[in-house]
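Q: Work from the hints to combine the two standalone chains into their complex.
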Amino acid sequence: MVVDAFRNALDDSGLQKSDVDGIIINIGTPLGVDYDQVAEGLGLDILMADETWTHGRQLAGVLAHAAMAVDSGLANVVACVCAINWARGGTVGSPGQNQDTREIGGAHFESPAYGMASPGGAFALATRTYFDRYGASSEDLARVAVTIRHHASLNPLAVRQDEITVADHQASTLICEPLRLLDYCQTTGGGCVVLVARADMARDCRKPPVFLSGFQGMRAGRREATGARPGLGIHQQSLAEPVPNPRDLKIYQEAGIEQSAVDALYTYDAMSPAVWMALERFGFCAEGDAWQFTNDGHIGLGGSLPVNTNGGLLSETHVSSWNHICEIVRQLRDECGERQVENAEVIQWATNRGDSVIFRK
Amino acid sequence: MSSVKPSPTISDYNRPFYKYAGEHELRLQKCDDCGDFWAPPGPVCVNCLSTNYTWTQVAGKGTLASWVIFHKVYYPEFAEEAPYNVGLIELAEGPRLLTNIVGAEAGSLERGMQLVVTFEDRPDCVVPQFTPV
Numbered sequence: 023m024v025v026d027a028f029r030n031a032l033d034d035s036g037l038q039k040s041d042v043d044g045i046i047i048n049i050g051t052p053l054g055v056d057y058d059q060v061a062e063g064l065g066l067d068i069l070m071a072d073e074t075w076t077h078g079r080q081l082a083g084v085l086a087h088a089a090m091a092v093d094s095g096l097a098n099v100v101a102c103v104c105a106i107n108w109a110r111g112g113t114v115g116s117p118g119q120n121q122d123t124r125e126i127g128g129a130h131f132e133s134p135a136y137g138m139a140s141p142g143g144a145f146a147l148a149t150r151t152y153f154d155r156y157g158a159s160s161e162d163l164a165r166v167a168v169t170i171r172h173h174a175s176l177n178p179l180a181v182r183q184d185e186i187t188v189a190d191h192q193a194s195t196l197i198c199e200p201l202r203l204l205d206y207c208q209t210t211g212g213g214c215v216v217l218v219a220r221a222d223m224a225r226d227c228r229k230p231p232v233f234l235s236g237f238q239g240m241r242a243g244r245r246e247a248t249g250a251r252p253g254l255g256i257h258q259q260s261l262a263e264p265v266p267n268p269r270d271l272k273i274y275q276e277a278g279i280e281q282s283a284v285d286a287l288y289t290y291d292a293m294s295p296a297v298w299m300a301l302e303r304f305g306f307c308a309e310g311d312a313w314q315f316t317n318d319g320h321i322g323l324g325g326s327l328p329v330n331t332n333g334g335l336l337s338e339t340h341v342s343s344w345n346h347i348c349e350i351v352r353q354l355r356d357e358c359g360e361r362q363v364e365n366a367e368v369i370q371w372a373t374n375r376g377d378s379v380i381f382r383k
Numbered sequence: 029m030s031s032v033k034p035s036p037t038i039s040d041y042n043r044p045f046y047k048y049a050g051e052h053e054l055r056l057q058k059c060d061d062c063g064d065f066w067a068p069p070g071p072v073c074v075n076c077l078s079t080n081y082t083w084t085q086v087a088g089k090g091t092l093a094s095w096v097i098f099h100k101v102y103y104p105e106f107a108e109e110a111p112y113n114v115g116l117i118e119l120a121e122g123p124r125l126l127t128n129i130v131g132a133e134a135g136s137l138e139r140g141m142q143l144v145v146t147f148e149d150r151p152d153c154v155v156p157q158f159t160p161v
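Order-wise, the sequence lines are chains A and B.
Take the first sequence: its letter number 312 is residue 334 in the numbering used here, and every next letter is one higher.
Take the second sequence: its letter number 120 is residue 148 in the numbering used here, and every next letter is one higher.
Bear in mind the hints are in silico, worked out from the structure with no lab data behind them.
Treat the hints with caution; some may be incorrect.
To be verified - Some chain B residues well away from chain A (every beta-carbon gap over 10 angstroms; in silico): (1) SER31; (2) ARG43; (3) ARG55; (4) GLY63; (5) LEU77; (6) THR79; (7) THR82; (8) TRP83; (9) THR84; (10) GLN85; (11) VAL86; (12) ALA87; (13) ILE97; (14) GLN142; (15) PRO151; (16) VAL161.
Claimed, not checked - Quick partial rundown of chain A residues pointing at chain B, CB under 8 angstroms, derived from the structure: (17) ASP154; (18) GLY157; (19) GLU199.
Every residue gets a Cβ at the ideal spot worked out from N, C-alpha and C, and that includes glycine.
Excised from the complex, chain B in its bound form (with noise of 0.2 angstroms):
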């Protein structure tokens, strides 16, 4: 069974983000209309409908909005680390990312707790994870 864990599915809208990623920085897509981010990735602004977008880095702090543990394991990739965590992010510009809080101990997640993001490098992508301040 291979170790490496599932990649994203790239698509035409999240691309750019797993491409920043790959160059350790996490941006998002800002409306150059209405100022607004947006998340999960699409093709325009969820507030003005506008085309017009920048991926724009944001700073990379968040707050922990809610978290899971599993125990079971769907993924034999994760069979190693379970059981780990995936948690819901508040980034400090609005939107929420869901992805996995590292350096972490299971019972020291709070909600609320302020968070920063990290990248882990995988052999065939990087995705950002989040940890403690």
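Just chain A, with the same shape it has in the complex (with noise of 0.2 angstroms):
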């Protein structure tokens, strides 16, 4: 996956091998591949490799290193590589797998004990919350679910296509109560590599070259929780926080435009709640407004906020949402054909665990 990932990637920037010095790699071993090999596997000559921990939240991370290391001359083209098959660790949550290691605190609280296997569970735990704070239900949800699955079937690389109803939902089992296995992504995996280069440099590539123009770290600590957002008191999160929080908005500033400007959001979409958790955390609407927001059509192709219009991690696949960065940059250069959002040129990564970058043309 990785050779395919990085032949399409050199194809698609006309860029050679040899001009790739940096390397970043977002998920090793044991899904993916570590930098070593990879290096060593492509022939590649590094100045500048990094790595990860083995899990899906460093995507903005690593796309704001890369930017930093050919700004400061560390390198000139870094390779940001995310390359995972689920199938190497069995299906998620069972025993055994690294994640359980570190309970309670850990990935997504895995608490074999107590039978809390994840991260189903974790994001389970916030939707409750959030069904009881603020009215919705599990077919309020579906939307979500039904909206991008739409979306993938117009993504011929998406892996589930067979659009879905509300019914098709509300009729698929229970995984994790309040989530349906329709509320749950495609764990088959892929491969996805972006190239991050020197402004100069990405001008003179084959394509149009899509820029990096603000960057948000990850958050951490107690005002954070897998699966929510800050302020629905899960694990210790406290519920006095403003939603959205001023601080989290500060990537509209970074960008130099205003939120009204992003034509359409890709969010990290494991589960379908997290859909929610992000246009809250974001204050695309109000708190406890997104199911409403989604109801009313504003996440679809059409709408005022089209959500991951590859069909994202529920329904093309999770490559930790690297694919979602392909698809920004294809939408960004009108590559999109029927799921083109039409005159799109800000485009935002936003997560419910504050990370942001945004993307102009």
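A: Following this line, the structure appears as structure tokens:
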């Protein structure tokens, strides 16, 4: 998968293998491959190599690091690599996975002694609270999965392209109540390579470049919890937190734009409620209104803020959202055909964990 | 297939928690300097970084902050109990614990319901659980 993705990235950019002198791996073994294997296996001559924790949260940090590396002269072209085969770990959440070696305070509150298998469990905890506090229901949540599946139906790369309905969602198996099968992503895997280069080099590439114009890091601490946004009271979160918190909106200042300039949003959607959490965290709607915002059609194609037009992790597949970044690039180059967001010029990556990147044409 | 549920992974930080659970006592770390309780167990007070703390018995009372019901069986030892719940309990002292709620029908669980600690004696360990008042 790394080989295919790397070849495709070189073809797309017109760069040579020898131009790539930086590499950052997001998710190495056991789900993927490590930086040294990739560098050796592809015959690269790397001046700056790095690798993140084996988890799907570091995308914005990896892109920011790559941008800083080319900006500071550590490298000219950094290949950001995510290639994962979920089958290597068996069913996600099953015993013996690396996640459950860090109980409570670990990746997603794994706690085998209590039967807490995750990450679905963590998202389900947040979803239950969300339903209770804001009056939403599983039928409302279905609209997220249905909308994003419709997007996938327009994407030939998507693993699931068959349309689904709210009734299909309601008839799907309860996995970790209140979440159903169709609230869960596709854990097939895949490979993505994103090349980050100096702007002057990128301008000379085969296709029009996409510019990274603002970053915000992943937040961590007791305000944060897997599956939630701050202020939901999950794990040790305080309930007394403004939603959105103004400090999370600094990304717009970083990029020099107003939020209203954002033409589409891409977010980590391993579970459908993550979309609601991100919409509220970043103030695209008021606290507790994301389900109505979704029901009103805003997140679909043709809506005010199309979300995950590739079909997301929910329906395209789970490459830790690097597949979302590939879609952002395609959208900003008007390559998306039926699922093209009209006049897309500014696209935001933003998740329930507070990390964000602004991409511009 | 063993029917013994998975044991907690014991670390230097949580060892006392489960030792006291073995004596049917629910104890948390309480800072000797600032008085805060915290969870999950850790090396220092999360408020003031003090290493002076005492494993202090708590009232064992709390409310249900959230809960889930596992229908899919990830851990085969839970197959007989499925569907089973996992609840997030907010203790009267503040910290929240992830545990099971026993002695309650799935349909009777409600956010904010009052719970008290109970202990499940397993062949190789004792784990705190909660039950409706």
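Q: If a hint holds in the structure, say so; if it doesn't, say that too.
A: Hints, one by one, checked against the model:
no.	hint	result
1	SER31	holds, 13 angstroms
2	ARG43	holds, 13 angstroms
3	ARG55	holds, 16 angstroms
4	GLY63	holds, 17 angstroms
5	LEU77	holds, 14 angstroms
6	THR79	holds, 18 angstroms
7	THR82	holds, 20 angstroms
8	TRP83	holds, 17 angstroms
9	THR84	holds, 18 angstroms
10	GLN85	holds, 20 angstroms
11	VAL86	holds, 15 angstroms
12	ALA87	holds, 19 angstroms
13	ILE97	violated, 4 angstroms
14	GLN142	holds, 16 angstroms
15	PRO151	holds, 13 angstroms
16	VAL161	holds, 20 angstroms
17	ASP154	holds, 5 angstroms
18	GLY157	violated, 13 angstroms
19	GLU199	holds, 4 angstroms
Consistency note: the structure conflicts with the earlier hints numbered 13, 18.
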